[in-house]
Structures are given as C-alpha cells and as structure tokens.
Amino acid sequence: MKKLEIRGLCVSYNGMPVLEDLQLDAEEGEFVAIVGKSGCGKTTLLNAIAGFVKYSGSITKPDTLGMVSQDYAVFPWLTAGENISFGMTKNDEAVLQHYLKMIDLLDKRDRYPFELSGGQKQRLALARALVSNPDLVLMDEPYGALDIFTREKMQRWLMHIWEHERKTILFVTHSIDEALLLADRVLLLNDGAIQKEFRVGLKRPRAEGTEFSQAFLKSKMAIRRALS
Amino acid sequence: MPIIPILLFILIWEALSSSGIFNAVLFPPPSKVFLALLGLALSGELFLHLSASLSRVYLGLLVGSVLGIAVGLLTGRIRIIDKSMSPLLHVFRSFPAVAIIPLVIVWFGIGETAKLFSISFAVFFPVWMNTHIGASSIPVRYVQMLSIFKTPSFKKWSKVILPASSEFIIAGVRTGIAIAFIMVFVSELAGASSGVGYIISISQLSYRMDVMIAGLFVLGLLGAVTDFAFIRLIKAIFPWFGKK
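Going down the list, the protein sequences come from chains X and U.
Straight run, no breaks: the first sequence in numbering that gives the first Met the number 0 ends on number 227.
Straight run, no breaks: the second sequence in numbering that gives the first Met the number 0 ends on number 243.
It is worth saying that the hints were derived from the structure and are not from the lab.
On a predicted model such as this, the values are computed, not experimentally measured, just so you know.
Positions of the beta carbon are idealized from the N, C-alpha and C atoms, including for glycine.
Worth double-checking, as some hints may not be accurate.
[Claimed, not checked] Here are the simulated distance ranges between beta carbons:
1. Ser157/U / Asp70/X: 16 to 26 Å
2. Asp103/X / Ser93/U: 54 to 64 Å
3. Phe227/U / Arg203/X: 51 to 61 Å
4. Asn132/X / Ser157/U: 18 to 28 Å
5. Arg203/X / Leu66/U: 54 to 64 Å
6. Gly50/X / Ser93/U: 37 to 47 Å
7. Gly7/X / Ala177/U: 54 to 64 Å
8. Gly50/X / Ala69/U: 23 to 33 Å
9. Pro101/U / Glu114/X: 47 to 57 Å
10. Leu66/U / Gly56/X: 45 to 55 Å
11. Asp103/X / Pro238/U: 20 to 30 Å
12. Ala177/U / Asp20/X: 55 to 65 Å
Turn these sequences into a full structure, and let the hints steer you where they fit.
Here is the structure:
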C-alpha cells in the first residue's frame, strides 16, 4: 500500500524553480533515501511534504507525519521525558517509559537537552517523532552534525528501531554510504527532479562490515557515476 | 574582587569631602551618609518608607510586566493584532514616562492608584517590546514542530511560544525593574506621604544632603538586589534558562 504519492511537484523561491515536475512514491514500511548535491532541493522536498512551503502539483500523504531534522529541534525548556510527551496526544506513562527505554534515556528522563550529547538529542528527536505513531517519518540529514563514530552508532541504532517499528521513512542525506546502508531504495535528486532510482539489493538486517562488501561498493560506484 | 572598586570609590569620596575642596554640607562624606542611614534604620523610618516604596515597585512591575508579556505575545505572533496595535503602542512608547506624571495626578490624584499607573505604564513598554521581538523571532523549526504535531492552541502558547520567547521577556523585565525604581522615586517626589522618594523630597527642604544621598543609595542598591534576585530566581525555577 502506498503511503506517499507525489505527482508533478513544483516549488519555486522568488521565481527560481527548486523542484520541477517531481514524482515520487513510497510504499508502507519502506525506507527510502534521497541523495543529491547541496542545494538540489532535498530539504525543500521534505518541507513541501510537511506542508511548510507552497507548491503546485499533488502530494497524497498520510494524516500523521513525524519529522527529525539535523538541528534536532528538541525543545530546550522541556526535559527528555517532557519532549517525548509533547508528541503524544494523550499522556501515557507506559508509552513514555517504552520510548525512553528504546532510546536508552530512561535514567535521563528529567535531564534537559543542554545536559545531553548530540547523539542523545538526536535519539530524543526521533523518539518524539515516533511516539505520535506517524504513518510517515521525514528525516532531513539527521546525522549531519554528528562525528563519524556517533554517526555510525546512530545509523545502526536507527536500523534496529526501523526493524521493530517498520515505519515508512523518507531519509535525506548527502552521504551515499549512509543511503545504501539504511535504505531499501535510493533516489537521486538532481535539477529539481528524481533523476534515477536504485534498488538496494543488500540483505536485511545489514551485517557488520556491509559497507565493505563488493555489492555495497558496486552500488556506491553506480550512484556516484550517476551523480557526477 | 567586585568589592575593591566599591571600597576605592568610598575612600576617594571620603577623602574629597573631608578635604575642604567641596562644601561638606552639599557634598557630605560617606561616613556622614552612613550615619544618616543608621539613624533612619534605628528609628524604624527606613523600614516604613522602604516597605511603601518596594510594594509600589513590585506591584507596578507585576502589572506592567503581565500586560507587556500578554500584549507582546499577541503582537509578536498574530499579524492582524500587530498591524492594528503596534503603531499606536510605538507612539505611546515614545512618551517620556516621567512626563505623564502631571497628567496622572490630574486623573488619579496623588494616591496609590496614580503611582501604580505611572510605574506600570513605564514598565509596560520595554517588556512589551522585548516580548514582541522574542515572540516574532522564534526559530522556524519550533513553529514547524507545532504544525507536525497538530498542537492545540493552549499547548502551543504555553509549552512553546512563551518559553521560546523567554530570553527576550526576561531581558524586558530586567529593564522594567530599573525603570520601576526610577518611576517610584519620581512619583513619590511628585506627591506622597511615604516612601524613599518622600524622604528624599522632605530632606531637600532642610538641606539634609546626607539623608538624600542615603535614600538614593538605598533605592539604587535595592534596584540592583532586585535584579540579581530576579535572575537567580529565574535560573532556579528554569534550570535550562541561558543554557545552549
């Protein structure tokens, strides 16, 4: 079942076209990565889906969305527990405990974001996005601000969460490695539209060292050639 | 460390006043000012007049701040309210607060209502302006989260807009504190039977400069202490305040 269907999407800023006649689909439970050069319109695409920018064309999307961005956007004046609760329509202690445990912040429930590391804040942002049980999760370069070690740890953690939650995810990244490691499909965004699509044929769950396998490197080369 | 410049200032002042360069009646040394202050304290007058001034300051500060914050949040977030109210508020903001006191006396007399009005009026504008700026410059990502979570109105205002504007609101209230102390002095000078401003005005009639200066220092010190206590209170209640 399709969770997202985009047809003829056009977005302009001050008369400059950013997205032109973009088509995109995402099936239920699918992990779709979008890669492209800086300024190609990846964030604009997510903002259009979220309804933050004006667009023409059609976007058929579910009612409930979740969103995680590079700058976390967790509220600094709410504790970790309160940030997650903010995403709930009704306060439920059991659900809160479940998500705090999932993101390994059960003992930091009453800490404020300034007391958490970058990785902890990003996990908190994801938990807040998931707690409302969204049908589609938009992730805009969520690991862009993290160091390589934390980033790899967070990628593994996200894969583990996705294996359990099986949400439909649209994940924007400028890292081809990250896209191949996480996604079922990788879409190349270029000149305002989806230029090419790559089905990731790697086995799930992704084993340790997948990024060094021949299949991974072959796919990476193909995407790089298409991007250049 | 901060005590050294203060001690130095007092020593230089004592030396200059006692040297005969200045008229010691018009420019009394700090030792004489201290004795005047001690006299007021021991007679109970200081406490009586301080209580009167402080209650006016804090009530005026409260009323002015609550109104300033409420109006600032509305003008900062709701365009139509901003376009209709802000031009008029900017005109009133430009009135020197001290200059409205004669008008206030005609309207309300020289009782407590007049003083409350004067202080609240003066405090309102810096609080309103700062709140308006804070509310209108909330980071876009926070506002987008409100849309993503379909946040209901009360939750939106109380859990996001108000706290997101807090840095600016606090700055506005701190400015309001300084203004409240100025205004209580001016409004007591204009007509009062109690308060530190009242002590200063009657001391002027008998050339008791030592009492006048003592009164001024007490007001200034209380203003600084109020600001210090306010910011400590904010940090105690909101541990996240000022942290990045």
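Okay, the hints, checked on the actual structure:
no.: 1; hint: Ser157/U / Asp70/X: 16 to 26 Å; result: 23 Å, holds
no.: 2; hint: Asp103/X / Ser93/U: 54 to 64 Å; result: 55 Å, holds
no.: 3; hint: Phe227/U / Arg203/X: 51 to 61 Å; result: 59 Å, holds
no.: 4; hint: Asn132/X / Ser157/U: 18 to 28 Å; result: 24 Å, holds
no.: 5; hint: Arg203/X / Leu66/U: 54 to 64 Å; result: 59 Å, holds
no.: 6; hint: Gly50/X / Ser93/U: 37 to 47 Å; result: 41 Å, holds
no.: 7; hint: Gly7/X / Ala177/U: 54 to 64 Å; result: 59 Å, holds
no.: 8; hint: Gly50/X / Ala69/U: 23 to 33 Å; result: 30 Å, holds
no.: 9; hint: Pro101/U / Glu114/X: 47 to 57 Å; result: 53 Å, holds
no.: 10; hint: Leu66/U / Gly56/X: 45 to 55 Å; result: 47 Å, holds
no.: 11; hint: Asp103/X / Pro238/U: 20 to 30 Å; result: 22 Å, holds
no.: 12; hint: Ala177/U / Asp20/X: 55 to 65 Å; result: 59 Å, holds
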